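Colleague: Chains as they are written, first to last, in the numbering used here: chain A, 1 to 317; chain B, 1 to 332.
It cannot be assumed that every hint is accurate.
Covered stretches of chain B (in silico footprint by chain A; criterion: 3 or more residues with CB under 8 angstroms from a CB of chain A, positions within the stretch not fixed) [claimed, not checked]:
1) 43-52
2) 323-330
Listed next, with one range per pair, are the computed distances between beta-carbon atoms [to be verified]:
3) Val-219(B) to Glu-231(A): 48 to 54 angstroms
4) Ile-209(B) to Glu-231(A): 46 to 52 angstroms
5) Ser-248(A) to Ala-223(B): 45 to 51 angstroms
6) Ala-257(B) to Leu-187(A): 33 to 39 angstroms
7) Val-185(A) to Glu-193(B): 33 to 39 angstroms
Because the hints were derived from the structure by calculation, they are not lab data. All values derive from a computational prediction rather than experimental measurement. Backbone N, C-alpha and C define an ideal beta-carbon position, used for all residues, glycine too.
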Amino acid sequence: MNARCNILAAGWVKRLLWLLLLAILPPFAVVEGVQQPMVKVTVMPDTLLVGDRIHCTIAVQHEKGVAVSLEGIDAVALKPFELLSSRHSSSVAASASVEDLFELELALFVSGKQALPPFSVVFREASGGVRGRVSYKPSSSVVVRELTDASMRDIRPIKPPLSPSIPYLLLMPLLLGAFGVGVLVLLLIYFLKRTVRSSAERVDSSQVAQRKLRKLGSSLSAGMPPHECYEELSNIMRSFLETHYRISALEAVTQEIERDLKKLGVAGFESIMNLLKQADLVKFADSRPDVEESRQSLNKATEVIRSTRKSPPPSVE
Amino acid sequence: MQHDVELEELGSRIIEASRFLELAEEQLAHRVVGQLEVIRRVFIAMLVNGHILLEGVPGLAKTLIISTVASVMNLKFQRIQFTPDMLPADLVGTMIYNPKDMEFYPRKGPVFANVILADEINRSPAKVQSALLEAMQERQVTIGSETFPLQEPFMVLATQNPVEHEGTYLLPEAQVDRFMMKVIVDYPSYEEELEIMLRSAMTASKSPISVVVQPGDIVRARALIDRIYVDPRVQRYIVDLVVATRNPGLYGMVELASMIEYGASPRASIFLLLAAKAHAFLQHRPYITPEDVKAIACDTLRHRIRPGYEAEADNIKPDDIIRQILQNVQVP
């Protein structure tokens with residue numbers, strides 16, 4: 001009987017010791033074949049607005065030679081939290097232990113108090129076999145506030161206008177001066193170019209035409225056929241008219257040139273037109289002038305060009 | 001200066017032979033106010049056996065001009081209204097069965113006339129257009145197994161509707177190319193409009209037009225036109241203009257290359273020369289000058305140039321392209 005009572009007493013003591021042990025242990029549901037790990041969950045911030053990001057860090061401290069991974073940290077299991085990104089790093093915490101750090105970036109689109117979902121820490125050996133699994137239910141929770149007008153203002157505070165470091169008024173005269181100088185230089189270049197070009201053209205057009213006519217006269221004396229002389233004479237006259245009066249004489253027919261010169265009120269208009277019409281007859285109507293006629297036409301052309309040199313070309317505008 | 005005796009003689013004959021056109025113009029002026037350019041283009045086409053495509057809004061005296069020209073020149077005039085249900089037989093004629101002698105006889109269609117006004121040519125289907133254009137080209141018509149030559153002079157003046165209009169068939173480029181000129185009929189000037197109004201607002205019937213020209217005059221004029229002198233420089237100028245519509249870059253108009261989808265065909269060179277000859281004839285000249293070519297270039301080339309997408313986007317018309325070519329190709 002006594003022996004039986006001793007056995008019963010020993011059973012009670014054992015049960016009591018087990019109960020005490022369970023009370024001391026942290027809230028791990030299952031611990032299998034692993035040295036007790038230390039899991040720490042931190043959530044930043046604990047109060048936020050809908051749509052804000054939450055930075056959640058799960059630190060697992062465990063013995064060396066064991067690989068750690070998390071289970072239940074995925075898009076489905078984390079609902080209503082949205083997993084945006086995750087990062088895993090490992091570092092030696094003490095001589096015999098290692099700390100694995102799981103950094104999760106989450107977002108919440110539901111308002112109210114939201115508790116973090118439970119997850120499991122899985123320990124694996126180097127061979128890949130599961131050494132143990134620890135289920136963990138975090139006690140942390142976050143409070144999510146809805147967006148209101150007031151909260152919108154909190155998100156985007158209107159900044160006051162920045163005052164310039166250098167007062168503009170001090171810079172204005174400098175800027176205006178630089179601009180003015182630039183404009184003056186550009187205008188000067190433009191007018192210089194225009195004056196040089198127009199004076200060169202005026203001098204050149206008549207000089208070039210006269211030089212060409214002299215050369216043509218020599219060619220005629222050397223035996224150039226008179227009809228070819230007339231063709232060349234027409235070209236010289238047209239080039240001269242084009243550069244001197246700024247009309248497109250090379251691409252215009254005689255009637256068009258006549259119209260343009262009439263409009264400009266050119267001196268010696270009739271002589272110019274007679275020359276061109278005579279050249280047209282030779283060119284298009286198979287007329288055959290003699291050498292003397294050609295020479296007379298050349299002289300007339302030289303005279304016309306010389307007379308236009310004396311009188312400046314009328315303004316095209 | 002010595003002048004070609006033959007050309008001088010031709011010149012005096014041209015002055016004499018072209019007098020009928022002045023008479024015709026005088027008579028036309030009794031009925032038609034203004035539109036002198038259109039009338040001259042009609043004369044040019046008639047003098048060189050060409051056909052004209054007329055474009056213009058309704059009410060601009062297109063039909064009046066043509067019918068009056070035909071009346072003044074003692075020519076048979078036919079106006080054919082093209083419709084979508086038209087058949088080639090309605091145009092050229094058909095074989096009619098005679099039950100008395102149990103045989104088929106050809107019945108000639110309205111195409112058998114001197115001057116044809118094909119009104120709204122693009123309203124009829126392609127087969128009818130082809131029948132007319134074939135008659136224009138061949139100057140003969142086959143009904144059944146018999147071929148009939150068309151009367152001389154034979155000229156077709158077709159009017160066209162914009163293709164966007166409902167129930168129209170686009171005239172193929174190959175067929176449009178057969179028209180010597182495409183003439184744009186424009187609105188009359190203010191003074192012309194005033195005169196038109198005063199002349200037309202009468203209830204009394206208009207005085208009849210006198211016949212001042214005979215078809216023989218036209219045929220004789222054609223013989224003189226064929227003899228008009230064309231200098232090689234002018235010949236090259238014509239070819240230069242036509243080639244410039246195909247390769248504007250060759251003439252220093254690189255920016256125009258992207259504006260043209262395709263240029264004028266060799267038919268353009270032929271018609272340009274013919275029309276220039278007729279223009280010189282109207283000016284009483286026995287030779288062509290570049291002025292003659294320039295004067296009719298737009299009318300002869302505008303329907304042979306297809307502007308590209310870029311040109312259409314920039315609202316650049318064939319006339320703008322031609323004008324640019326004329327301004328850039330050097331005149332001989």
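Colleague: So, for every hint listed, does it hold in this structure?
Modeller: Against the structure, the hints:
1. Remark: the segment 43-52 of chain B is not confirmed as covered by chain A, as 0 of its residues place a Cβ nearer than 8 angstroms to a Cβ of that chain, below the required three.
2. With 5 residues having a Cβ less than 8 angstroms from any Cβ of chain A, the segment 323-330 of chain B passes the three-residue criterion, so the hint holds.
3. Taken as a hint, the range 48 to 54 angstroms is violated for the pair Val-219(B) and Glu-231(A), whose Cβ atoms sit roughly 37 angstroms apart.
4. Range check, Ile-209(B) to Glu-231(A): about 48 angstroms between beta-carbon atoms, so the 46 to 52 angstroms window is met.
5. For Ser-248(A) and Ala-223(B), the Cβ-Cβ distance of about 38 angstroms falls outside the hinted range of 45 to 51 angstroms, so the restraint is violated.
6. A hinted range of 33 to 39 angstroms for the beta carbons of Ala-257(B) and Leu-187(A) is consistent with their spacing of about 37 angstroms.
7. In this structure, Val-185(A) and Glu-193(B) break the distance hint of 33 to 39 angstroms, their C-beta atoms being roughly 57 angstroms apart.
Of the hints listed earlier, those the structure fails to meet are numbers 1, 3, 5 and 7, in rising order.
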